[in-house]
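Chemist: Sequence:
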Amino acid sequence: MGSFDIQQLGVTFNVRKSGVDNVLPINLFLYNVIALEHGGNALSDGNVGQNLTNESIVQQNDVLVQDLDVAREQLEVLSKQYGELEAKSKADIKVLVKEVKYLHSSQKELKKEFSESIKEKCDAEVVSVHMFHTIFFLLAVHTKLCPLEV
Numbered sequence: 018m019g020s021f022d023i024q025q026l027g028v029t030f031n032v033r034k035s036g037v038d039n040v041l042p043i044n045l046f047l048y049n050v051i052a053l054e055h056g057g058n059a060l061s062d063g064n065v066g067q068n069l070t071n072e073s074i075v076q077q078n079d080v081l082v083q084d085l086d087v088a089r090e091q092l093e094v095l096s097k098q099y100g101e102l103e104a105k106s107k108a109d110i111k112v113l114v115k116e117v118k119y120l121h122s123s124q125k126e127l128k129k130e131f132s133e134s135i136k137e138k139c140d141a142e143v144v145s146v147h148m149f150h151t152i153f154f155l156l157a158v159h160t161k162l163c164p165l166e167v
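Under the numbering used here, think of the first position of the sequence shown as 18, with each following residue one higher.
Keep in mind that the hints were calculated from the coordinates and are not lab data. Mixed in with the good hints, there may be bad ones.
Simulated crosslink set (DSS-like; lysine-lysine; CA at most 30 Å straight-line) [stated by the list, open to error]:
#1 Lys-115 <-> Lys-105
#2 Lys-129 <-> Lys-115
#3 Lys-138 <-> Lys-128
#4 Lys-97 <-> Lys-115
#5 Lys-111 <-> Lys-125
#6 Lys-136 <-> Lys-118
#7 Lys-118 <-> Lys-128
#8 Lys-136 <-> Lys-125
#9 Lys-107 <-> Lys-97
#10 Lys-107 <-> Lys-118
#11 Lys-111 <-> Lys-129
#12 Lys-128 <-> Lys-115
#13 Lys-118 <-> Lys-129
#14 Lys-125 <-> Lys-107
#15 Lys-97 <-> Lys-111
None of the values given here were measured: they were computed from a predicted structure.
Generate the whole structure from the sequences, applying the supplied hints.
Modeler: Below is the structure:
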């Protein structure tokens, strides 16, 4: 795990990780938590052990246990909220997937209708131009057959 040394009444400790020593500032509360996790022996070393009585250690342990219980309750609440949010998120994703599929199919249908409309418009323009030429031709023929007298 690591090596712990008490310096300046438990305000700092050394952590040995991968051959590198780092001195990290830490409050006494956190130091006590670490000490408890490693067997509770660290408080009996040096000056800190002299300043703390068994009674204060028991009181600190009680406080730590209470804090741990509160943290566990908060974790349960957060886990429940996370589960609810995850379920809602999955439901939302399903709805969005259905919407995207619907929009893709609608887009295909609209493109098809648009293409048909453009084709019909082009066909109508061809018929219109053809009718214009026919009317113009008939007018020209009529003018040659029946000249206007002025």
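Chemist: Take the hints in turn and mark each one as holding or not.
Modeler: Evaluation of the provided hints:
1. Lys-115 <-> Lys-105: This hinted pair holds, its Cα atoms lying about 15 Å apart.
2. Lys-129 <-> Lys-115: holds, 21 Å
3. Lys-138 <-> Lys-128: It holds: about 15 Å lies between the C-alpha atoms, which stays within 30 Å.
4. Lys-97 <-> Lys-115: Holds - the C-alpha atoms of Lys-115 and Lys-97 are around 27 Å apart, at most 30 Å.
5. Lys-111 <-> Lys-125: holds, 21 Å
6. Lys-136 <-> Lys-118: holds, 27 Å
7. Lys-118 <-> Lys-128: Roughly 15 Å between the alpha carbons, so the hint for Lys-118 and Lys-128 holds.
8. Lys-136 <-> Lys-125: holds, 17 Å
9. Lys-107 <-> Lys-97: holds, 15 Å
10. Lys-107 <-> Lys-118: The given pair, whose Cα atoms are some 17 Å apart, holds under the 30 Å limit.
11. Lys-111 <-> Lys-129: It holds: about 27 Å lies between the C-alpha atoms, which stays within 30 Å.
12. Lys-128 <-> Lys-115: Measuring from Cα to Cα gives roughly 20 Å; hence the hint holds.
13. Lys-118 <-> Lys-129: Distance ~17 Å between Lys-118 and Lys-129 Cα, so the pair holds.
14. Lys-125 <-> Lys-107: holds, 27 Å
15. Lys-97 <-> Lys-111: holds, 21 Å
Hint compliance for this structure: no hint is broken.
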